[in-house]
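The task is simple: from the sequences and hints, build the whole structure.
Chains as they are written, first to last, in my numbering: chain A, 10 to 408; chain B, 3 to 228.
Just to be clear, a hint being listed does not mean it is correct.
Stated by the list, open to error - Straight line, CA to CA, 25 Å or less: simulated DSS-like cross-link-like pairs of lysine-lysine:
1. B:163 - A:250
2. A:138 - A:167
3. A:57 - A:167
4. B:125 - B:68
5. A:138 - A:236
6. B:163 - A:18
Said to hold, decoys possible - Pair ranges (Cβ atoms, derived):
7. B:66 - A:285: 53 to 59 Å
8. B:215 - A:402: 33 to 39 Å
9. A:29 - B:138: 27 to 33 Å
10. B:172 - A:339: 45 to 51 Å
11. A:288 - B:117: 39 to 45 Å
12. B:80 - A:272: 24 to 30 Å
13. A:29 - B:146: 31 to 37 Å
Source of the hints: derived by calculation from the structure; they are not laboratory data.
Here the structure is a predicted model, which means the values were calculated and not measured.
Heads up, the beta-carbon is just placed ideally off N, CA and C, and yes, glycines get one too.
Take a look at the letters that make up each chain.
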Amino acid sequence: MTLPLIVAKSLRQHLLSTVVTAASIALAGGLLMAVWVVKTQSNDAFTKQNAGFDAVLGARSAKLQLVLNAIFHLEASPGNLPWADYEDIAKNSAVALALPIAVGDNYHGYRLVGTTTNLFAVEHAPGRKYRLAEGESFLPGYMEAVLGSFAAQQLKLKVGDKFHPYHGLTFDEKQKHEELYVVTGILEPSNTPADRVIWIPLEGVQHMKGHDAKTSTEISAVLVKLKNPIAGRGLELMYNKQGNRLTFAWPIAQVVAELFGKIAWFDKVLELVAWLVAAVATGSVLASIYNSMNERRRDIAILRALGARAHTIFLAVVLECAAIAVLGMVAAFAVYLGITGVAAHIIRTETGVVLNAFAWHPILAWAPAAMIGLSALAGVIPALKAYRTNVAENLVPVS
Amino acid sequence: MPLLEISNLKKSYAAPDGGTHVVVDVPDFKLEAQAQVALSGESGSGKTTFLNLIAGILAPDTGSIKLNGQELAGLRESARDRVRATTIGYIFQTFNLLQGYTALENVLLGMSFGPGADREFAKTLLKRVGLEAKLNHLPRQLSTGQQQRVAVARALANRPKLVLADEPTGNLDHANAGESLKLIREACRENGAALLLVSHDREVLGQFESVQKLGKLNRAAAQPLS
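Encoded structure:
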């Protein structure tokens, strides 16, 4: 009990520096864990996110733009394709399900996506289809809308409410359409980008007043579910190599992974900053304890006079540094949850991809271990000073 | 066999002029178990260094210190720490209580590095010195006399065979000094510990049956530290 008592007393005697140093450890540790978790979770979430589809067929463009537009409902549509292209791929023997979509309108920044009721046949996760939490599906040919859960929550729309769509993919109040849509249903949360979408019948987008009449039989893309994902190879050859009018983006995960590959340097910079902050915080433990060694010399000498071995004093100082780090890392989890919570909210609002701040990640174990270990290591320097304290000289009070 | 047996003990320090300054040069000194001896010594007579050598806080340059049959002079620092923790109690002129610790915790620390913490014994000691109502008081919440009593209890906490007291009444007023000295002597007697007390106060020295002059004992005392 002696060592813990000595450490606890010392922490209490130097309360202000203990709190300040632990706070710096908390900020650094929280930032380190948050950067790592947000980075890996968003990487995983985006690359594993396909909303239940294997591929996207669209106008000739970069695959990434096509996927971002059709799956994540980000970016502009690269162009339209004729309805016949949908019919062709829908009857291909390798295709299990093809879902045409048309985009071009929004309601307060939330996209209206025209599609068919086949949406409800899509398994967005194993064993889970898009299902209505309340109300019913839109009827083809009617000005009816089914809202994703997040869109409904943010727009505060409920079944029976009516709204006017706005032209374009970004909100501009001058671009209001005359049509009046009624909300007929709200989807259960799917934790996919579909949660941020206002789903309406395909014809709704195609025939919206103000849209080019020539595009009234065109669609923006076709979302494709394959019977066997390997079959995508043949379709990719057919559309991408043998033709030059359409792009077949397959497999979706690989397309998104290429995006993360391009911004990997940014991840590295973030990691480096987080590690630097952690190193500075650890250094602050060293500085804080080292600078207080002069005022501790008499206490150390008294403990030695009572029979405490020099290595006991050494250990007490190292343990004190580790204890500051332990206190800091306990608080770091609050910092971590705060940063991750804000990041997750922003990512969900902007992309519909859901991060879980409470999900387990190994960094949540080894960041505290590393911070505590590094702090204990930093404590070796003041501990050596304590170890070498001249007992006889320091038993005399400093006047 | 004496409890403490010292022969040809020498300790010197480096002097500012580059030479060495001999502070302790004691050819012979003995202290029987449970005896109470006072050493009279003026400032600069090497009394604190002498006590620190006996306590194992300092290592001698040459000579022998046998305590309870064990030779201290050749021991490593950690072994001397162990002897101090188990065999010696030390009362300082300035009490040297740890300011962040309560009276009870100070006494507990006095035994923690030796026989181990014994809360009941620590309370008994504090009760013996009249501080049963002040167990959880910090030193700054105690009077000077009360702090000295905590120091006495702490010196006896490890059930020592020898208590060293360096000017233990030097910081106390006349009334408290007499009372404190009486307490130290009684407490040592009750706990079976020998007492070696150093003082330059004639009233204190007058209380002892056995008084030795450090000036005679320590041949180096003739050349006081500047």
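Fill in: CB-CB spacing for residue 146 of chain B and residue 29 of chain A relative to the 31 to 37 Å hint
35 Å, holds
Given a hinted range of 33 to 39 Å, is it respected by the beta-carbon distance of residue 215 of chain B and residue 402 of chain A?
Once the Cβ atoms are compared, 27 Å apart, the range 33 to 39 Å for residue 402 of chain A and residue 215 of chain B is violated.
Practice prompt. For the pair supplied as a hint, residue 163 of chain B and residue 18 of chain A, confirm whether the alpha-carbon distance does not exceed 25 Å.
Written response: 30 Å, violated
**Prompt:** Is the Cα-Cα distance between residue 163 of chain B and residue 250 of chain A 25 Å or less?
**Reply:** Given that 25 Å is the threshold and the Cα spacing comes to 97 Å, the pair is violated.
Going straight from one Cα to the other, do residue 138 of chain A and residue 236 of chain A come out at no more than 25 Å?
17 Å, holds
* Would you say the C-beta atoms of residue 29 of chain A and residue 138 of chain B sit inside 27 to 33 Å of each other? -> At 28 Å between Cβs, range holds.
inquiry  = Please verify whether residue 57 of chain A and residue 167 of chain A have alpha carbons no more than 25 Å apart.
reply    = The given pair, whose Cα atoms are some 31 Å apart, is violated under the 25 Å limit.
Restraint status (C-alpha distance of residue 125 of chain B to residue 68 of chain B at most 25 Å)
32 Å, violated
C-beta pair residue 288 of chain A, residue 117 of chain B: status relative to the range 39 to 45 Å that was hinted = 44 Å Cβ-Cβ, so the 39 to 45 Å window holds.
| request: Measure nothing beyond the straight line between the CA atoms of residue 138 of chain A and residue 167 of chain A; if it is 25 Å or shorter, mark the hint as holding. | output: 21 Å, holds
Report task. Note whether the CB distance of residue 80 of chain B and residue 272 of chain A lies within 24 to 30 Å or breaks it. Result -> 57 Å, violated
Margin query: Assuming the hint says 45 to 51 Å, is it satisfied by the Cβ distance from residue 172 of chain B to residue 339 of chain A or not?
Written below: Since residue 172 of chain B and residue 339 of chain A have Cβ atoms about 47 Å apart, the given range 45 to 51 Å holds.
The earlier numbered hints that this structure contradicts are 1, 3, 4, 6, 8 and 12.
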